[in-house]
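Engineer: Chain residues, written in single-letter form:
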Amino acid sequence: MADGKRYSILIVDDEQIVRESLTKWFLQDGYRVEAAENANDALKKMDKGPWDVVILDIKMPGMSGMELLKRLREIDRTSQVIMATAFASVETAVQALKDGAFDYVTKPIDPDHLSHLVTNAIQQRALEEQNTSLRQQINEITAANEIVGDSPQIKRVIDLSLTVAQTDTTVMIRGESGTGKELIARTIHANSERRYFPVITVNCGAVAETLLESELFGHERGAFTGAQYRRKGKFEMADGGTIFLDEIGTVSPKMQVELLRVIETKQFTRVGGNEQITSDFRVICATNRNLEAAIKDGSFREDLYYRLNVFSISIPPLRERRMDIPLLAHFFVKKYAAAMNKAVKEVSSDAMDLLVRYDWPGNVRELENVVERAMVLADPPSIRPADLPFQNVTKREGPKDDTLAAVERQHIETVLGLTHWNITRSAEILDIDRVTLYNKIAKYGLKKP
Amino acid sequence: MVPIRIVPLAPVNEELVRTVAGPVGSVFRTEVTVEPPLRSAMDRTYDISRGQYNSTDLIRMLLERYPAGPEKVLGVAGADLFVPVLTYVFGEAQLDGTAAVMSVYRLDDVLYGLEADPVKLFERTLKECVHELGHTFGLLHCRDYDCAMHASTTVDDIDLKGAGLCPSCLRQIGMQP
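So the sequence lines, in the order shown, correspond to chains X and R.
FYI, the working numbering numbers position 340 of the first sequence as 468, with every residue one higher than the one before it.
FYI, the working numbering numbers position 158 of the second sequence as 161, with every residue one higher than the one before it.
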């Protein structure tokens, strides 16, 4: 009773004198106590629970204590059951513990032992409850951000993610920039058995080649100039959890060899060290590169490709699932309305029409940025076409060929269309000066419609 | 505060019983009388298979002799007491009732192979008398380590606590700390 909470005890024994003695004993200790004379009575009294501790006689007429133990554990697994018997045997004690009893005592019971036993049982229950509560909190904290979308394409991606989450398979996520590859990786981790351990993200494209080895494997003190302390690498930090290797297609051939070895053996040494480190991690990687083409041109190792591409998930670009755009737009409006404390609640139908018709080369990330910007400009309660960076969207046609000039011409034409040929505004969007834009308009022979 | 009757349950060290009566009265700020020793009670509660005396039966007998009235009745035994499910008890009481019993048997260091210590025996006896009477006044076990109502299942536990009641327990029985 150290924490002042009133704990409860259910006593199940067919002998009246035992029920009365124990009831009196525990009442004086401040517990809430009830007694049951047989299994049926005990099962009825489970409704009055939850009981912190159940003291259960093994030998009773009708359903035995051992049988009742199983039933009680089915009803409430958190109650701690102490089995009591006048006829002790090693077999029944072992069986009771196997069936989930907290402990086993022989009658008559030493009062000092009984007192400690009940205290320990209550502490055990408190720890189990705390454990459940903490796991719940971790689930809430680690739960990946919501994947928004109702299109068959995104539903398929979610289904695949949840299916593969239950396994320890290596996953490769493919998709254009801004489609949400990291979100899918986090969803897989958050729904896997590894969710109570970290998910470590490494953006392979953002780390300089010379630093990537140290970043991934860690380093010992003095391993190189500036290595003043021993540092754990990402693979070591991901022990028990998941390592997410983003932009895997940018890794150098030398590092590809190292990665292949580590992913296969789960063992490595820190830079400048000799100690063999073992780490239990799951690999999820992502790329927007065409790795098959990279294998053909020799810039990506085929063996690493097959090691990583065990289960592949392709996220469709936003333009291929336009029906999700209104859902996503509303989601972001709600998000930024709360963040900005602004009473913007919706996107007007005209503005939504523009959003749906736009091709979103930057995918969901671009949509989020556009909505955030519009939220700043919008007069509550809705976002209107004037709040968007484009007011006149014509469906974008792909360039006739893949040359840089063709892509540039196409892009300039699109931006000019969006701004109604406002040269100053277009130059701002393209991040070039107006003279350069005029020169390019002349070069490509673009004409105002 | 209601008066208290202490009944020596012979065979018991009657002088020890008389000695604790005064301090018990001081703790509960009430009149304490020591009754003549009750000689027949113990035999009728003896359990031959355990070689101990049934404390629940002793309480029943005390209630037969001293029917529920305004007084609290405490039987003090010299022999070892038990309730059927436990190996022994230092005492037993009716919670918020009339009667209680306690035993000095396990409070004597001689039982543990040590030299007799009359002072310690007196202190332990006083603490357990206060403890069991406290239950008859409706007090539960107390979290205060220094309070006589703190639960004790060994003599070491008894030695650690005090003979008086903590302010919280005093207030619960309507006394100013």
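If you are wondering where the hints come from, they were derived from the structure by calculation, not from laboratory data.
Hints are not guaranteed to be accurate.
Derived pair list, reagent style SDA-like, types lysine to any residue, alpha-carbon separation capped at 20 Å [unchecked claim]:
| hint | chain 1 | residue 1 | chain 2 | residue 2 |
| --- | --- | --- | --- | --- |
| 1 | X | K382 | X | D431 |
| 2 | X | K235 | R | R53 |
| 3 | X | K235 | X | Q223 |
| 4 | X | K152 | R | G141 |
| 5 | X | K394 | X | P444 |
| 6 | X | K235 | R | S52 |
| 7 | X | K152 | R | T156 |
| 8 | X | K173 | X | R199 |
| 9 | X | K152 | R | H144 |
| 10 | X | K235 | R | I51 |
| 11 | X | K235 | R | H144 |
| 12 | X | K576 | X | W549 |
| 13 | X | K235 | X | A216 |
| 14 | X | K133 | R | I51 |
| 15 | R | K123 | R | A154 |
| 16 | X | K152 | R | T157 |
| 17 | X | K152 | R | L98 |
| 18 | X | K152 | R | G100 |
| 19 | X | K152 | R | I51 |
| 20 | X | K235 | R | T157 |
| 21 | X | K235 | R | T90 |
| 22 | X | K152 | R | K123 |
| 23 | X | K133 | R | S171 |
| 24 | X | K394 | X | Y433 |
| 25 | X | K152 | R | A154 |
| 26 | X | K235 | R | T156 |
| 27 | X | K226 | X | T206 |
| 28 | X | K394 | X | R450 |
| 29 | X | K152 | X | K173 |
Engineer: If a hint holds in the structure, say so; if it does not, say that too.
Structural biologist: Evaluation of the provided hints:
1. In summary, the hint linking X/K382 to X/D431 is supported, as the alpha carbons are separated by about 13 Å, within the 20 Å threshold.
2. For the hint pairing X/K235 with R/R53, the CA-to-CA distance comes to about 12 Å; that is within 20 Å, so the pair holds.
3. This hinted pair checks out: X/K235 and X/Q223 have alpha carbons roughly 18 Å apart, not beyond 20 Å.
4. For the given pair, X/K152 sits about 12 Å from R/G141 by alpha-carbon distance, which is consistent with the 20 Å threshold.
5. At most 20 Å may separate the alpha-carbon atoms for a hinted pair to count; X/K394 and X/P444 exceed this at roughly 32 Å.
6. For the given pair, X/K235 sits about 14 Å from R/S52 by alpha-carbon distance, which is consistent with the 20 Å threshold.
7. Our distance criterion of 20 Å between C-alpha atoms is met by X/K152 and R/T156, whose separation comes to about 15 Å.
8. Of the supplied pair hints, the one linking X/K173 and X/R199 holds, its CA atoms being roughly 13 Å apart against a limit of 20 Å.
9. Distance restraint check for X/K152 and R/H144: the Cα-Cα separation of roughly 12 Å lies within the 20 Å cut-off, and the hinted pair is therefore satisfied.
10. Restraint check for X/K235 and R/I51: the C-alpha separation of about 17 Å stays at or below 20 Å, so the hint holds.
11. Pair hint X/K235 plus R/H144 does not hold up; C-alpha atoms about 24 Å apart against a cutoff of 20 Å.
12. Annotation: proposed proximity of X/K576 to X/W549 holds, straight-line Cα distance about 7 Å (limit 20 Å).
13. A C-alpha spacing of about 9 Å is found between X/K235 and X/A216, which places the hinted pair at or below 20 Å, so the restraint holds.
14. This hinted pair does not check out: X/K133 and R/I51 have alpha carbons roughly 41 Å apart, beyond 20 Å.
15. For a cut-off of 20 Å, the pair hint linking R/K123 to R/A154 stands: about 18 Å separates their Cα positions.
16. About 19 Å separates the Cα atoms of X/K152 and R/T157, which keeps this hinted pair within 20 Å; it holds.
17. A threshold of 20 Å between alpha carbons decides the hint, and for X/K152 with R/L98 the separation of about 8 Å falls inside it, so the pair holds.
18. With a CA separation close to 12 Å, the supplied pair X/K152 and R/G100 stays within the 20 Å bound.
19. Our distance criterion of 20 Å between C-alpha atoms is broken by X/K152 and R/I51, whose separation comes to about 24 Å.
20. A distance of roughly 19 Å separates the Cα atoms of X/K235 and R/T157; the hinted pair therefore holds under the 20 Å criterion.
21. Pair hint X/K235 plus R/T90 holds up; C-alpha atoms about 8 Å apart against a cutoff of 20 Å.
22. Our distance criterion of 20 Å between C-alpha atoms is broken by X/K152 and R/K123, whose separation comes to about 28 Å.
23. Distance hint between X/K133 and R/S171 is fulfilled; the C-alpha atoms sit about 17 Å from each other, no more than 20 Å.
24. A distance of roughly 17 Å separates the Cα atoms of X/K394 and X/Y433; the hinted pair therefore holds under the 20 Å criterion.
25. Only pairs whose Cα atoms come within 20 Å are accepted, and X/K152 paired with R/A154 is accepted, the gap being roughly 14 Å.
26. Pair hint X/K235 plus R/T156 holds up; C-alpha atoms about 17 Å apart against a cutoff of 20 Å.
27. Distance check on the hinted pair: X/K226 and X/T206 sit about 15 Å apart at the alpha-carbon level, within 20 Å; holds.
28. For the hint linking X/K394 to X/R450, the alpha-carbon distance of about 41 Å lies beyond 20 Å, and the restraint is violated.
29. Between X/K152 and X/K173 the alpha-carbon distance is near 18 Å, which keeps this suggested pair within the 20 Å criterion.
Violated hints, listed in ascending order, are 5, 11, 14, 19, 22, 28; each of the other numbered hints is respected by the structure.
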